[in-house]
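Mind docking chains B and C on chain A? Use the hints.
Going down the list, the sequences are from chains A, B and C. The opening residue of the first sequence carries number 1 in the working numbering; numbering runs sequentially from there. The opening residue of the second sequence carries number 1 in the working numbering; numbering runs sequentially from there. The opening residue of the third sequence carries number 1 in the working numbering; numbering runs sequentially from there.
Calculated from the structure, these hints are not laboratory results. Do not rely on the hints blindly, as some may be mistaken.
[What the hints assert, rightly or not] Below 30 Å or equal to it, Euclidean Cα-Cα: the simulated DSS-like pairs (lysine-lysine) are:
hint, chain 1, residue 1, chain 2, residue 2
1, A, 296, B, 257
2, A, 302, C, 294
3, A, 281, B, 49
4, A, 310, C, 91
5, B, 176, B, 257
6, A, 312, A, 295
7, A, 24, A, 74
8, A, 310, C, 263
9, C, 24, C, 91
10, C, 263, B, 295
11, C, 294, C, 263
12, B, 310, C, 91
13, B, 2, B, 281
[To be verified] To list a few chain A residues with every Cβ distance to chain C over 10 Å, as calculated:
hint, residue
14, 78
15, 172
16, 262
Ideal Cβ positions, reconstructed from N, Cα and C, are used throughout, including at glycine.
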Amino acid sequence: MKLDAPIAVTEIAAFIGAELVGNKELQATGINEIHKVQEGDISFVDFEKYYNACLTSAATIIIINKEVPCPEGKALLVINDPFSAYVKLVKRFRPFEPATKAISDSAVIGEGTIIQPNVFIGNHVRIGNNCLIHPNVTIYDHCIIGDNVIIHAGTVIGADAFYFKKRAEREAIYDKLESCGRVVIEDDVEIGAGCTIDKGVSGDTIIGRGTKFDNMIHIGHGTIIGNNCLFAAQVGVAGKARIEDKVILWGQVGVSKDLVIGKNAVVLAQSGVPASLEGGKVYFGTPAENAMAKKKELAWVKRIPEMWNKLKDL
Amino acid sequence: MKLDAPIAVTEIAAFIGAELVGNKELQATGINEIHKVQEGDISFVDFEKYYNACLTSAATIIIINKEVPCPEGKALLVINDPFSAYVKLVKRFRPFEPATKAISDSAVIGEGTIIQPNVFIGNHVRIGNNCLIHPNVTIYDHCIIGDNVIIHAGTVIGADAFYFKKRAEREAIYDKLESCGRVVIEDDVEIGAGCTIDKGVSGDTIIGRGTKFDNMIHIGHGTIIGNNCLFAAQVGVAGKARIEDKVILWGQVGVSKDLVIGKNAVVLAQSGVPASLEGGKVYFGTPAENAMAKKKELAWVKRIPEMWNKLKDL
Amino acid sequence: MKLDAPIAVTEIAAFIGAELVGNKELQATGINEIHKVQEGDISFVDFEKYYNACLTSAATIIIINKEVPCPEGKALLVINDPFSAYVKLVKRFRPFEPATKAISDSAVIGEGTIIQPNVFIGNHVRIGNNCLIHPNVTIYDHCIIGDNVIIHAGTVIGADAFYFKKRAEREAIYDKLESCGRVVIEDDVEIGAGCTIDKGVSGDTIIGRGTKFDNMIHIGHGTIIGNNCLFAAQVGVAGKARIEDKVILWGQVGVSKDLVIGKNAVVLAQSGVPASLEGGKVYFGTPAENAMAKKKELAWVKRIPEMWNKLKDL
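The following block holds chain A by itself, in its conformation from the complex (with noise of 0.2 Å):
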């Protein structure tokens, strides 16, 4: 996410009680985790296998936990636990706002669209003309709506990311990675009832212009979805997966994380993909597979029987 304005990194080193390391004159602009960062960004890195690619990245301002030489031009905020240093700063840049009313004052609603009752839209969200919203959605503070867009009722955009920090000393492990992020529904789209689309960790989970969801599809944080797609009911796809344009997934097919799903490929029903997938293909199975060899194996497997009998009579 992008800060309102720039704040100094001493400013920053002061307020989470980091030790300041580099160029201390920098001026953060925006606070992302490490998969979606841009100069002027802070971001945060914890384990030593991933020390390099954090120092290398695009973030200008790195809260870590141990001094290691500082690149030229950025700054290291040096601290025993940089996760929740870094929520820290989440939580006081982009503090949860409770909501006084079911529809906030500071959303921007176009003309022509339609909000049915009992519908909730959250501080900051925007949403564009000619839209249709049912009953019981509830849309989440910072979303963004495109024109032309329908959502069916129940549906929840924006909800948090699923992302946790293990911590073995506690009663209760997990710390939580407060999200920042938003979800942007572009024009066109259309989202069926009971799905629930998650905001990014720090950055966008994105639904492309024209794409069609059906009914209780779930999809995870900072997944970017591409235009002209149509997921059938139940689909559920994981954290930052990549579907590229005018792919469809049937029924009840799950999409793994951190993977990509190239143009035009179809899943079929109940499939799950654990690994990017070319486009212009159909695929099917557990693990998913090319359809046409998937539905051969299944032939091949009704045919053991047959072989133990001539095999038995060797």
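Okay, now just chains B and C, sitting in the frame of chain A:
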């Protein structure tokens, strides 16, 4: 759907801008897509391969994209884009009526029925006697609920059919087929929490008497569920399926569209049903097959290494 | 469930119209189905094969459909239809109390807890301190929420158990076992958006301390989830399962009823768990088995054509 009053075919032709061929004296009494047509209905066809099915169907007035010989006693409305013309008619004769309150004044609610807080009940909804509608339920316009029905929290009855026409020539390539059907829930049905039951495209989605749904069940448009069925949690049934009486679907079963599952069939958990199943039997697997045969197959698969060793030793 | 005050067994007998056999001085202190009975409880049994289990259970007062020798110090309530008698008692001692407002005056809500708009909180609900309940959440009567709990939008806590008795002789053949249990969510739990957690039939459904749920998770009646579990999106767990501490279930996993998943077990995405699993291991497949063995099996299946060719050449 039935029209509130008959409309002259000449008026229809003028409204959509079509050339009228055949019987110019006809009155339209309904609008239906081809799977649900009755005498007096307007329907549409835009693929040559479906012309014959539509021309010989019960439909009396056919919107078509080419002039063909008009069947005796019928009328053709010839127009370049029958799909858009049909949608225009649906929007005219069943326009979306934005809600002015959470429970419409035009809804009829029977004696002894309890409506909990935060429920939405749309225009022209009818709910019978002694029902219990839990919080945050949404019932879209025109749906019909019988007597002694329980609907648990967060469930959505009557969202739009997931039905789009692909158009190559645009940025957003999917055109929505506006739904004008309903959901009809018969007496003594219980629907769990977080379910979504879509309305028919032009006809009814029906949940038969005494059927019980667990939570998070999705039922697609125009699907007809018989009496006394039991569906466990997270089952999904696509559009226009027909599930006969006393069918049992266990958890997370997926059922494809346009098929029939016969009376008293049982489908075990997580199975996927791609095609019709005979009644009275137990099924398992994706694709679902006879459960006993499927379990034997699973046992055979475990013997492949043994077969390999035998083969090696020959 | 516990009764608010003890009730004389003679009063119970008169109320349901049963013949009282055995100790007529007893006081009932609770009502529970057989899996949850404690001393002082009324329970019921209507199948001969379960008579012994019920008569020798902790239950003090047993509704039964045949006169049998009464165990020392207990009482039998002999009646033709024990199921209906039990339901009648549940309805008397835990009658459904229609809401008069969206957040019941009898609910107790702790300090620092934020309730967002459009939330329903039923009668006698208790919510601890520093919780955050997002919009459109439904919490049914009697549920208990600890401290520092986050519940995301659209989630339903405490809907009825999916539990019916089949009756041959009627048009609607399923009789509902009225639920009188609760959902208990312990401290530091986070529940994602669009989840459904059913109440116990007569006891508690428990989500243990520090457990984190992603979106659209279904938990059946009376299931007990340990501490610090992680469940990914669209997981479904049936009734009366027991999931021990730190179990991880990946997306779309399905878990059957009446089983135990041991501490630290991990079940990979889309797996189906039909029976108990030992702790500390990784599982995959439907039915779920050792993940490594399952992956080897998948590799073996791919070698069937090679085996076939070898066999042909012999």
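Broken hints, by number | Those not satisfied are hints 4, 8, 12, 13 and 15.
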